[in-house]
Amino acid sequence: MRGDDGVGWRIADAVAHMWSDRINVRTGQQLVPEWAADLAEADIAFLVDASTRQRARLRLLPLSPADDAVVLDGHTVQPRQLLQLAEAVFGRRPIAYLLEVPAEDFEFGETLSPVASAGAKRAVRLLDRHIRSALSVADGDIHAE
Amino acid sequence: MSERRILIDPVTRIEGHAKISIHLDAAGEVADARFHVTEFRGFETFCEGRLLWEMPALCARVCGICPISHLLASAKAGDSILGVRIPVAAEKLRRLANLAQIVQSHALSFFHLSSPDLLLGFDAPPETRNIFSLSSSHPDIARAGIRLRGFGQDVLADLTGKRIHASWAVPGGVRWPLSPTTRAALRARVDEHIEATQHVIGVYRSSLSRFEDEVRSFGTFPTYFLGLVGPEGTWETYDGVLRLVDAQGNVAEADIPPAAYAEYFGEATESWSYLKSPYYVPAGYPEGIYRVGPLARLNIASRMGVPLADQELAEFRSFGRGAVLGSFHFHYARLIEILASLEWIARLLEDAELESEDCRAEAGINHLEGVGVSEAPRGTLFHHYRVDRDGVIQWVNLLIATGQNNLAMQRTIGQVARAFVRDGAFTEGALNRIEAGIRAYDPCLSCSTHAVGKMPMLVELVDSTGNVVDHLRRD
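First to last, the protein sequences are chains C and A.
With my numbering applied, the first sequence has no gaps in its numbers, which climb one by one up to 145 at the end.
With my numbering applied, the second sequence has no gaps in its numbers, which climb one by one up to 620 at the end.
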C-alpha cells in the first residue's frame, strides 16, 4: 500500500517462486518476534527491505546480533534484535544478511517506482546467485558424506 | 512540602501512547492519579460516507494487534444490516480466526509485555525486565511464548491470507474456506502448545505467593463484569448474548441482546483523556463501573466448555468469593483463555465443514442499522452502524474493550500509587508497579481512541519543579 515499501515483499515472492521447494520465505509488513523461531532453524537468512536513504544502492550487508537487550512490544523488531532473540531464546542463529534495495516513493499506492523496480530485478538476480551457491555447497557436503 | 506531581510519560510495554500523572498532597501522600490517553484516531468520523462492504477491511486497521476483532465485529454489523444468517461454515471459520487471535494477542501480552515483571520481579533492574533476560532465567517459558504467538499468527495467516489487516471476513460470511491440507497441518501443531501452556500456568500459579501486595493493590475493588456467554453460560468469544454480573458473582443482567447494548451502557467523557468512560446506566456514573476482558469473561462464564480449561477455571475461582475482583488476576485469566482457545481450536480443526465452499450469504441492504458484537482479546467489542438505502455509512459508534476498562484503570492506578508511593518518596519499582497496574488490563489504546472532535482538551505546561506555568483549554 505504500509504494516502494512493498519492494521486499515482491522480491520475496519472486524468489519463493524460483526456489519454493528448497527455501522458506516469510513476508510481512514488519519483522515480528516469533520469526526468531524460524531464524533459529535456518542456516542462512536474507532479510530484504527498502532503503529509506536517499540515492541508495543495492547493498548486501552482513548482519550480526544486537548486543543490548531492548523491550520488544510486538510492533517493531529490528533485524539485529531478531538475530539476538533467536540466539538468546533458541540457542542458535543463521549466517544473516540484510539486503537493502534502493527506493524513493513511499506514498500510498501499489506500484513500484522505476528505481525500486530496477533494484528489485537486480536483487532477485543477486539472491538467486547466493541461494544457488549456498545450496550447491550444502548438496556437495551431503554427497561428500 | 508543596504539592507535587509525578509523571510517568510514556507508559512502557503497553500498546499505544499514554501518560500517568500522580498528584501528591502537601503531606506527600497520593491525592489523585490519572491515566491520560494521548492519542486519537477518529475512525467514527472518517468512516462516514464509506460503503458498508468496505467497513470490515477499513476497521481492521483500527489496530495492528487485534485487527481480527474489528474485522469480525464489523462483518457482524454488516450481517445485521443485510439481514442474513451466515452459513454454518462461515461461523465456524470466523470462530477459528477469533480464537487464534486470542492466542496470539494474549501470548504477546503475557510473555513479551508482562512476564518480565511476573517472573523476574517488579524490582528487578529495568534493563533486565525483558524477554532476553527471561531467556536466561526461564528459557522454556521464553521459547513457549514465542512459539505460541507464532502459532496463533500462522493460523490467522493460513486462514485469512495475512497476519494482520486481512479483508477475509465480509458482511454475509467469509471469502474462502480452509483447505484440507492446511486444516490437517494446523491440527498437528496444536497439542504441543496445549502442553506448553499447561506448564506455564503451573509455573505462574506457583509464583503467585510472591505477589500478595500486588494482588491486594492492583485493582482489587468491586465492579460489575460484562461479556458474551453462549448456551448454558459457556465461555463465548464470537456470538451469544451479553451477561453482566456484580462483584458477588450474581447475575445483574442476563441475556442482553447485543443489539440493545446502548440501552444499558452509556459513555462519559473527561477532560484529561481522549479515552471515553463507559458505564452501566442503571447504576449511574461512575458507580456503574464495569470491567471486560479475560477476568470478566471468567467471572461471568459458568463453564469453559473444554476439559483442561474447565479444571483451571475451578482453580481460578478460589481467588475470589463470588467474582474474582483483583485485576492482577487478568494475567492468570489470560493464560486460562489461551488454554481454552487452543482446546477449542483443536476441536474446530477436526471439523471438515471448515472446508466448505458455502461460506458466504449474499444480500442487499435490508435494514438501515446494525450492531456487531464479539469478544476481542481485551474484552467486548461493539460496532454499530447506520446506513442509507445504498449502504453508505451515515453514522458509526465503536465501543471498544479498552475504553470499557477506563474507569477501572483510573481507579487501579490510584490504588497502586497509594500502596507503593509513601511520604512523597517513590522507587523505580513503585513506578513500575503503577505502570504494571495498567499493563494488567493489556490496554489497546490505539483501538480505544477513535472519536475525534468531541473531547474537551486541556494542555498543561509543567516545569521541572512541577509547577504549571501555562495552560490551554478547549471546552
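By construction, these hints were calculated from the structure, which means they are not laboratory data.
Mixed in with the good hints, there may be bad ones.
[Said to hold, decoys possible] List time: in silico EDC-like cross-link candidates among lysine to aspartate or glutamate, alpha-carbon distance up to 20 Å:
1. C:Lys121 <-> C:Asp139
2. A:Lys237 <-> A:Glu398
3. A:Lys237 <-> A:Glu432
4. A:Lys307 <-> C:Asp38
5. A:Lys237 <-> A:Glu573
6. A:Lys237 <-> A:Glu498
7. A:Lys307 <-> C:Asp49
8. C:Lys121 <-> C:Asp38
9. A:Lys237 <-> C:Asp5
10. C:Lys121 <-> C:Glu110
11. A:Lys307 <-> A:Glu500
12. A:Lys307 <-> C:Glu104
13. A:Lys237 <-> A:Asp303
14. A:Lys237 <-> A:Glu415
15. A:Lys307 <-> C:Asp13
[Unchecked claim] Where chain A lies over chain C, by a calculated footprint (3+ residues, C-beta under 8 Å):
16. 53–62
17. 118–126
[To be verified] Computed far set for chain A versus chain C, every beta-carbon distance over 12 Å:
18. Ala171
19. Ser281
20. Asp285
21. Val348
22. Glu514
C-beta: ideal position from N, C-alpha, C; glycine also.
Subject >> Unsatisfied constraints (hint numbers, rising) >> reply: 1, 2, 3, 5, 8, 9, 12, 14, 16, 17, 19, 20
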